[in-house]
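K.L.:
Position chain B against the provided structure of chain A, taking the given hints into account.
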Amino acid sequence: MANTVNMSQYNEQAERRKQERRKQGKMRLSTATVTRDNRETIGNVTVPDYRIRCTDINVFYGDKHAIRNITLDIGRHEIIAMIGPSGCGKSTFLRCLNRMNDTIENCRVTGKIMMDNQDINDKSIDVVPLRAKVGMVFQKPNPFPKSVYENIAFGPRIHGLAKDKVELDEIVVTSLKRAGLWEEVKDRLDQPGTSLSGGQQQRLCIARTIAVNPEVILMDEPCSALDPIATTKIEELMDQLCADYSIVIVTHSMQQAARVSHRTAYFHLGDLIEVGATEQIFTKPVHQLTEDYITGRFG
Amino acid sequence: MSTRLEGHTFRRFDGELYHLHTEILQMAGLVYEQVQMALESFQQQKLDSIRVINEREAQVDALEKSIDSVITEVLAKRGPVARDLRTIMAFSKAVTDLERLGDEAAKIAYIAATMYNNDGNNPSNYLLRDVGIMGKLACVLLKEAIEILDMLDLERAEKLLNSHDDIEEEFQAGLRRLATYVLEDARNVGHIINVVLAMKSLVRIGEHARNLVEYVVYMVSGEDIRHTESVQA
Chain A
1 MANTVNMSQY NEQAERRKQE RRKQGKMRLS TATVTRDNRE TIGNVTVPDY
51 RIRCTDINVF YGDKHAIRNI TLDIGRHEII AMIGPSGCGK STFLRCLNRM
101 NDTIENCRVT GKIMMDNQDI NDKSIDVVPL RAKVGMVFQK PNPFPKSVYE
151 NIAFGPRIHG LAKDKVELDE IVVTSLKRAG LWEEVKDRLD QPGTSLSGGQ
201 QQRLCIARTI AVNPEVILMD EPCSALDPIA TTKIEELMDQ LCADYSIVIV
251 THSMQQAARV SHRTAYFHLG DLIEVGATEQ IFTKPVHQLT EDYITGRFG
Chain B
300 MSTRLEGHTF RRFDGELYHL HTEILQMAGL VYEQVQMALE SFQQQKLDSI
350 RVINEREAQV DALEKSIDSV ITEVLAKRGP VARDLRTIMA FSKAVTDLER
400 LGDEAAKIAY IAATMYNNDG NNPSNYLLRD VGIMGKLACV LLKEAIEILD
450 MLDLERAEKL LNSHDDIEEE FQAGLRRLAT YVLEDARNVG HIINVVLAMK
500 SLVRIGEHAR NLVEYVVYMV SGEDIRHTES VQA
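So the sequence lines, in the order shown, correspond to chains A and B. By my numbering, the letter at position 148 of the first sequence is numbered 148, and the numbering carries on one by one without gaps. For my numbering, add 299 to where a residue sits in the second sequence, where the first one is 1.
Okay, chain A solo, but in the shape it has when bound (with noise of 0.2 Å):
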């Protein structure tokens, strides 16, 4: 009899307990989805330590609107990954970031890109300086048709990085060290570039970009034409890279942006649809273009 008589005060307690806590409030439950049409940017877009701060981006190919409004920053240390389907814009937003798309015809980039309290996108900056700032690394891997050496030490010469011969070599092993190549070309530095496998010359030129103490790097889709190896160590210098550098890479595999980035972006149509923690979009996405995208179910 004690027994049943205590057990039935416990759950009487218990009960107390549960109708406070339901005065207290009722938690939400509806589905967070936002609906397909809607084209404002989800997430915060800003972090309070950033390195670039994108306002309303707007690129024209002529008379094309590429990417409508894009405002976004990158954060210090971090890796952000742009992810969309192709032709929404991601890449096209990459190459604003050092402003790659001069070079490219009929394109004109409005709105401000502020870095270090400069506007990138302001036409007196000199381009040279800021693309050792902001480095690049593209799909295909492209060596100078140089030594491996030289592929390093090109850029800290042009920029007067080096006061003579020592400090040169200092850099190149340096750089080539911190790219995971060091101990693979270290006997090899006088043969050309394009003699490694693909996988050695996207880190060369990773190494190359390193040289010339950059503060971003840009990679668009750095691993794509890499076998899953070489794409892993890649995947494993980013992650090393993101203590000094912030890291910005478009990525067609929705499962790289998940096992590398801090953040991710959802590109469509050029429209920034969706930014938040890596995490949150591939287990919680809010937008249903977003969730349409990330698990396969498009168009």
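A portion of the hints provided could be inaccurate.
[Stated by the list, open to error] DMTMM-like mimics (lysine to aspartate or glutamate), calculated; alpha carbons at most 25 Å apart, straight line:
hint	chain 1	residue 1	chain 2	residue 2
1	A	LYS233	A	ASP190
2	B	LYS345	B	GLU398
3	B	LYS499	B	GLU443
4	A	LYS64	A	ASP271
5	B	LYS376	A	GLU221
6	B	LYS376	A	ASP227
7	A	LYS177	A	ASP220
8	B	LYS442	B	ASP452
9	A	LYS133	A	ASP116
10	B	LYS376	A	ASP292
11	B	LYS499	B	ASP396
12	A	LYS177	A	ASP239
13	B	LYS364	B	ASP449
14	B	LYS376	A	GLU236
15	B	LYS376	A	GLU279
16	B	LYS376	A	GLU235
17	A	LYS64	A	GLU221
18	B	LYS392	A	GLU279
19	B	LYS392	B	ASP449
Hints listed in this document are in silico derivations from the structure and should not be mistaken for laboratory results.
P.N.:
The following block gives chain B in isolation, referenced to the frame of chain A:
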């Protein structure tokens, strides 16, 4: 069946999720019948049902294993994310609850077998009354939970989770009533212990049914509402 799981460009993925959902519903249907039969055996001394329940318990276990292996395959091959990931996680948890529901049904059947093996000294209807009431409530709740799992209906899920826990209330009332029977005639004590054990199983059945509905809420909306007391749209 809900269409929420469909629409992948790669249609085989649709097929796999559909197949998984069907198997889970099949398991749920089986478990529901087990609970009903267990209650019948308890209330109406249908000892044949007990044998059937024990046989089908193996089917429930086999389904649990086969569904788990499909879930592992889907995870390995499709790398599901977002809604698909939540679906797989929810299914994986639902399977465990369904298996436990099957266990509770088997437990009630076992208690019935023990209780009626007594040289003609069967429990009176007064003692069985509470199991009858609680059993009906548990079956209604479980049926609704399975329908919600089938339709993936958030509105009905919310309604169910916000409803008052009648089973628990009946359990408390039943305990008090049974205590008076013990005081009246101590010879009832053996039957009453059995009745209380069956009642406790029914409480567990109600809890598992609610869990199933909570997984549906997580799957559809992404909200993890376990261990919270109420929900709203």
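K.L.:
Does GLU221(A) sit within 25 Å of LYS64(A), going by the straight-line distance between their CA atoms?
P.N.:
The given pair, whose Cα atoms are some 24 Å apart, holds under the 25 Å limit.
K.L.:
Within 25 Å, alpha carbon to alpha carbon, are LYS233(A) and ASP190(A)?
P.N.:
The hint holds at about 24 Å.
K.L.:
Hey, LYS392(B) versus GLU279(A), does the alpha-carbon distance stay inside 25 Å?
P.N.:
holds, 21 Å
K.L.:
Is the hinted pair LYS392(B) and ASP449(B) satisfied, with a Cα-Cα distance of at most 25 Å?
P.N.:
Holds, because 15 Å separates the two Cα atoms, which is no more than 25 Å.
K.L.:
Given the hinted pair LYS345(B) and GLU398(B), is their alpha-carbon gap at most 25 Å?
P.N.:
Satisfied, since the Cα-Cα distance of roughly 23 Å is no more than 25 Å.
K.L.:
Is it true that the CA of LYS442(B) sits at most 25 Å from the CA of ASP452(B)?
P.N.:
holds, 14 Å
K.L.:
Could you grab the alpha-carbon distance between LYS376(B) and GLU235(A) and see if it respects the 25 Å cut-off?
P.N.:
holds, 21 Å
K.L.:
Given the hint that LYS376(B) pairs with ASP227(A), does the C-alpha gap stay at or below 25 Å?
P.N.:
holds, 19 Å
K.L.:
Please work out if LYS133(A) and ASP116(A) have their alpha carbons no farther apart than 25 Å.
P.N.:
holds, 11 Å
K.L.:
Take the C-alpha atoms of LYS376(B) and ASP292(A), compute the straight-line distance between them, and say whether it is at most 25 Å.
P.N.:
holds, 19 Å
K.L.:
Decide if the proposed pair is consistent with the structure: LYS364(B) and ASP449(B), CA atoms, cutoff 25 Å inclusive.
P.N.:
Holds, because 20 Å separates the two Cα atoms, which is no more than 25 Å.
K.L.:
Under the criterion that the straight-line Cα-Cα distance not exceed 25 Å, is the pair LYS64(A), ASP271(A) satisfied?
P.N.:
Roughly 14 Å between the alpha carbons, so the hint for LYS64(A) and ASP271(A) holds.
Hint compliance for this structure: every hint is met.
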